[in-house]
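Chains as they are written, first to last, in our numbering: chain A, 1 to 314; chain B, 315 to 628.
To be clear, the hints were calculated from the coordinates, so they are not data collected in a lab.
Just so you know, not all the hints are guaranteed correct.
Unchecked claim - Among chain B residues calculated to face chain A with C-beta under 8 Å, some are: (1) VAL442; (2) ALA531; (3) PRO614; (4) GLY618.
None of these values were measured; they are calculated from a predicted model.
Idealized CB from N, CA, C, for every residue including glycine.
Number of protein chains: 2
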Amino acid sequence: MRQQASARRSLAAMTAPASVVGDLLRRVQACNNGVEAAARARPLVVGGQALGLVLAKAADELARFPEVFHVTKSSVELVAGDSAEARSAAVADVLAQLRNSGRVPMLAGWRNEAWPVKAGFDSPIELVIERAAGPLFGVPGYGCHVNGLVYSDAGSGTPPRLWVARRAASKPTYPGKLDHVVAGGLSHGERPSENVVRECQEEAGIPQELAAQAKPAGLVSYCQVDETGWGVKRDVLFCYDLELPRDFVPEAQDGEVESFELWELQQVINSMADTKNEDWKPNVCVVIIDMLVRRGFVKPGEVGYVDVVRALRS
Amino acid sequence: MRQQASARRSLAAMTAPASVVGDLLRRVQACNNGVEAAARARPLVVGGQALGLVLAKAADELARFPEVFHVTKSSVELVAGDSAEARSAAVADVLAQLRNSGRVPMLAGWRNEAWPVKAGFDSPIELVIERAAGPLFGVPGYGCHVNGLVYSDAGSGTPPRLWVARRAASKPTYPGKLDHVVAGGLSHGERPSENVVRECQEEAGIPQELAAQAKPAGLVSYCQVDETGWGVKRDVLFCYDLELPRDFVPEAQDGEVESFELWELQQVINSMADTKNEDWKPNVCVVIIDMLVRRGFVKPGEVGYVDVVRALRS
Chain A
1 MRQQASARRS LAAMTAPASV VGDLLRRVQA CNNGVEAAAR ARPLVVGGQA
51 LGLVLAKAAD ELARFPEVFH VTKSSVELVA GDSAEARSAA VADVLAQLRN
101 SGRVPMLAGW RNEAWPVKAG FDSPIELVIE RAAGPLFGVP GYGCHVNGLV
151 YSDAGSGTPP RLWVARRAAS KPTYPGKLDH VVAGGLSHGE RPSENVVREC
201 QEEAGIPQEL AAQAKPAGLV SYCQVDETGW GVKRDVLFCY DLELPRDFVP
251 EAQDGEVESF ELWELQQVIN SMADTKNEDW KPNVCVVIID MLVRRGFVKP
301 GEVGYVDVVR ALRS
Chain B
315 MRQQASARRS LAAMTAPASV VGDLLRRVQA CNNGVEAAAR ARPLVVGGQA
365 LGLVLAKAAD ELARFPEVFH VTKSSVELVA GDSAEARSAA VADVLAQLRN
415 SGRVPMLAGW RNEAWPVKAG FDSPIELVIE RAAGPLFGVP GYGCHVNGLV
465 YSDAGSGTPP RLWVARRAAS KPTYPGKLDH VVAGGLSHGE RPSENVVREC
515 QEEAGIPQEL AAQAKPAGLV SYCQVDETGW GVKRDVLFCY DLELPRDFVP
565 EAQDGEVESF ELWELQQVIN SMADTKNEDW KPNVCVVIID MLVRRGFVKP
615 GEVGYVDVVR ALRS
């Protein structure tokens, strides 16, 4: 049934009509709803470098620890420690106290996962924090998202289908939302290619030799208000495309995914273009739209194309 | 010979070493050498909208035509005409006088090609100018670049070769430089897909049915000081990938290209990474590097990857 349905659809027919592109733009803009908040935020200064952005109410909480943070109207400076290790220990102590106090809702999503804070992706680590506190300090986070694509017939020109995951109801963030087949944050010291292979196995049961065929395809970035409103997520996502065999079915391994479904690409586009639809984890839409642009499923002749691509790349 | 050489090279071996990625970054930065000049430039105001950026010496020349341009320290306002037609006629008259005076070297590259000036790609046309004057007014220009790729063996994993054009010595801009097999500025009223088909025929003798298979893959933009130093080029390039058959050989049709050569991808990368090599038309490198990123020939594990991709997307 699925294959017959997709075979009836030509590549030309996949072109999203003008209004759809404008709706896709809103998905990208929704992921950049933190730009104004970021402009008002105070720089987090570590070892003389501005490495993050702190919102006013988070700064007020950090000001209660003056031996660790020197908070003024214009900046939040980490003053404890003169090495990455010493700073990290001091900040871990503050975060533990804030978590126990229950005053910072974001910390309810504690993960026990170390997150490196650096001036650039290839720069030395200046500080290591608990991952759940990343948006509190507004430090860039890096992750990998994998578009799991299934081409029904090589060379037929038929667009691929996309594996879509439904997040488990127990996830601390975005429970029950639609997600990529594989997506995860980069752990401390982990390379993107290693992350993809690990997460493919852990999240979807994709064997290593198949996962290793995932092709890197660039990155997207955005600046989003954290779900709790206490910080900004400044994420950089490495985008991968993985062509999966028609007979492969992903299997949830670690309880993070409730179910997997194979969607027609047009179904994905229509669902994202329905801006009342709140099923999607927002950043997943940005990575899928980037794939639609890269693979030519959204076309330059459509009104709004330039705006969508520029928003993806801003 | 060529096929044997490329067959020896595996996809893994194509990964550019760390230093190469840093050198590719310099190519992208070189195309953005107009960012500082643009920050100092005065807005070109047309019908109440800032549509361009004018450098100081260009503003001084335009100030000699006070019935058309109201020039102050903070802006250059087009005051003649209250319709696109009337404004365009007034500006055409100024440009003709400037061209005849020989005072603005940029206008020696006169093309007799109409260029629309708009607030956004899909916005109404506010003004039409001679294309050669685009950088004088610092108005965004739109073009299409086609990566002409030849895969030697379907499914072998061998990277494609790239058709490279040597521009004719008689070209007004970048004579003798290396270029895409097909690249051109969008003419007034022309869609990107139409432009690609037209330029494929005119520049390389690629028949329409083959040209129509070019796949759109997004866009790159940059802000570059004009060759003459009189303006900034704020270009937006629609990127296309066109897989050409192994037995197809492009043929120069319109005298704009001196010769075509089929290069191994590694030869292209090495040549661009040699920053002393001045053979390349600068913006061509940006489009090729975007293709290397999209198609995974440059990888996230390499030092500098994030910087290169962010520079491409800035």
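Comparing the hints with the structure gives:
no. : hint   : in the structure
1   : VAL442 : violated (19 Å)
2   : ALA531 : holds (5 Å)
3   : PRO614 : holds (4 Å)
4   : GLY618 : holds (7 Å)
In this structure, only the earlier hint numbered 1 is contradicted, and the remaining ones agree with it.
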